[in-house]
Amino acid sequence: MSIDTAPAASATALDATSGAATRRDILHRLLMTIGPILAALVIAGCILLAVGVDPLAYYGYVLEKGLFSPLGIQQTLTRMAPLLFLAAGLIVAFRAGMWNLGGDGQFLLGAVTAAASAPVLVQILPAWLALFCSFLIAMLVAIIWSLVPALLRAYQGVNEIITTLMMTFLGTSLANVLVKLVFRDPGTTVPQTRTLPVEDRLPRLFETTITSGLLLGLAAIIIVHLVMTRTAFGLKLRIVGANPRAAVHAGLGVPGLTIAVFAISAGLAGLAGAVDIIGVQGNVRADWNPAYGLAVIPAVFLARMNGFAAIGFVFLLSVLSIGGESAARRLGVPNHFTLVLVSIVLIVLALAEYVDHRYHQSRKA
Amino acid sequence: MSSLSSSPVDISDIVALEGVTKRFPGIVANDGIDLSIRPGEVHVLLGENGAGKSTLIGMLSGLQQPDEGRILVDGKPTPITSPRHALALGIGTVFQHMMLVPTLTVAENLLLGGPWWQRPRTEELEARVAEITRSLGITVKLHARVSELSLGEQQQVEILRAMVRNSRLLILDESTSMLTPTGIEELGALMRRLVEQGLAIVFITHKLKEAAAFGDRISVLKLGRKVGEIPPERFRALGEQEIISEIVELMFGKQKDDPEAIERPARAVDAQAAPLLQVADLTVAPTDNAPGLSSISFDIRPGEILGIAGIDGNGQKQLAEALAGQRVATGGSVRLEGVSIETLSVGERRQRGLRYLTDDRLGEGTVGTFPVSINFFLKQVGAAPFWRGGVEQRAEIDKRAAELVREYDVRTPSLKTPVARLSGGNIQKVLLARELAEGAKVVIFNKPTYGLDLANTLASRQRIRDTAARGLAVLLISTDLEELLSMCDRIAVIANGALVGTVANANDARTRVGRLMIGLAA
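Here the protein sequences come in this chain order: A and B.
Counting from 4, one number per residue, gives the positions in the first sequence under my numbering.
Counting from -17, one number per residue, gives the positions in the second sequence under my numbering.
It is worth saying that the hints were derived from the structure and are not from the lab.
Keep in mind it's a predicted model, so treat the numbers as computed, not measured.
Among these hints, one or two may not hold up.
Residues from chain B shown here face chain A by an in silico Cβ test under 8 angstroms; the list is partial [said to hold, decoys possible]:
id	residue
1	Q308
2	T312
3	I323
4	S327
5	R332
6	T340
7	T348
8	V349
9	K361
10	G364
11	A366
12	E374
13	E378
Just so you know, even glycine gets a beta-carbon here, dropped at the ideal spot from N, CA and C.
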């Protein structure tokens, strides 16, 4: 190591020029995100060609149904509500270096408890209070469900990827059992919970079919973003995530923070379930599992755990899933092709990241 | 093996190093080292941790390339380009940590590395192993699983593996560190038989007794330089005690051209003042990979620097962490200004003025991806005026960080630069600024100049002296005896988690501390 000769005074001087640097940085980021997505669309198009489907027609349907038709865009925005809550939960966990992959179990348990409690509560409480209580119950149940992985990770160092994944299997099964055995609506032959009357659900926005849960979701993810980037609590979580040993050295209570992270992350997943039920579905049918929890993970990664970017990617995901469903119906492509598309995007992005990193390394050397 | 044992023992070097230098960012690991390795000799490489032994072995075994100088094999300059190449040249290495697959049998381990397209030649191997083991007088259970063998037996397997591959030079890296006393003696006897067969052995250790008992030739490394050699003729002429005292002189003796040697300015510590830090019977339970502490007691007065000397890994880190509150103490008391703090958390101890400057600057001292400005306040997250009501006050943080950057002369492109991008010396300045800023009363420095260049080393030492001059109590943990001698008022020696003696830093401190460090009475 040579002795540094740069004068210390330049520390402040250089800050002034960093504005241009950040602008270039943002441009680079945009390029590194949009370029791979376009490349992925081309690759997915080749796959569509190979199975004998016109890719342009497919993408056209996706855009038309998911984005440009009035009904489609309303469906897309409605779909965003639970996804935003899930993304918010994942941002907290991932920024703190904890891989909560149990979102689906937490989501379904939240959904089932909300579906079970809301129709009962609206009969005895004012509507707004009843829905609020349902949200609260859903959140608490999801938090309790996350305690097992949280405690194991905090005090025994057990890998949370494995425990949360296992808990999600148990959670989805338990949710089913609850629907079929405990909360089953005696009034129907289909195994499902009692249905929340449409007039008691979350109000729709203006004259559309868009649920006001969208606003709650946006609020949740923005609050999470601000907490993570602007507050002492968020910084503590980020320290734990970036360097757990530094967290211990700095005197942070790592086990307590770990449990808090799981509670917030799972609580938001539970709220996602509640917002989908109370806002849109009205009840939970047995064996219902939209698997939003896993679908949102790529969006959060692509957004690099930035809340605002995550809103954009969640929107894109919604367009793809709403549009993809109808395009699949019309063109005879399997419904799961949306997942194929998303995974191609992810792989291409990872490759681009790797190449970019290597390029930077070689330029530095 | 038979071909080797029958070859005449000649004097010429199998491998020779000429002026070999290897640099890493921030440190010169090897500095112009000459070494000659001859058949029929056990060449002992002695040195403390960080003396450059591992780097030297890395270069001999093809893992690393020298930056300057050259390596001669059989008298011809030969760059050793890879571990495979080293094996082909007949250089076999037995590393400090076992490199066998525990779930495979001994025979399977020995056959690893053969061409993948051939069936393993088990019969051939058995014949060859029988031949080698007979000549060495050892027995190896070829069909036992490695996980069932003792560490000593595993080591024999590793040596055997090197022999099966026709090694002419065997490098044993800290091979005795995990062995029992009998295991060590057996290894010594085995080495003797191997060199009698005409092999050359390089034996790395930091234990003086083993060096004197097993060696034919000793080279002493210190801070990357070779500071002395005892050739075989002299070795045979001296008794064990004389050899040890000569090595002590080489290892801990004063270097005449040492630029770091500064006379310690006389400072008066008020012997009447009440101690700022009082530690009594501090005990920590050992863990799987770290020694514990047994009954550590000392006092430090205001303005005093107490040094902790010792070979690395004897409980220094555990001591620092137990004092800072990062490690659970099982017994004893720690008093700061007379108030007992041993039950307090890390944050509360810091609040009261106890500061710990860690030696692991990037591992735990900083969050490398975070900006320099935030790293100044890692231990104050949430505290006013930098956070109000839990909300970050960007302007306050930047203002104070800019002050600290100026005051501590941190050379950084900007306050937003991720701290890991700075050089080691500048990261250390960030840590110094963080720990010494307002409110410090007792400061623990753990290896504060480790891996720094000369300018930053001297600057850090001056900071520490200034700290003591301000009336703070300083605990200076270091493996560099020169550093301790140039700064401390008293030096305590730690070995196996216990303080084995404390020496006032007077004229004879160097030899007395040196003797304590290697387990002799002061």
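Status of the hints after comparison with the structure:
no.	hint	verdict
1	Q308	6 angstroms, holds
2	T312	19 angstroms, violated
3	I323	13 angstroms, violated
4	S327	6 angstroms, holds
5	R332	6 angstroms, holds
6	T340	6 angstroms, holds
7	T348	6 angstroms, holds
8	V349	5 angstroms, holds
9	K361	5 angstroms, holds
10	G364	4 angstroms, holds
11	A366	10 angstroms, violated
12	E374	5 angstroms, holds
13	E378	13 angstroms, violated
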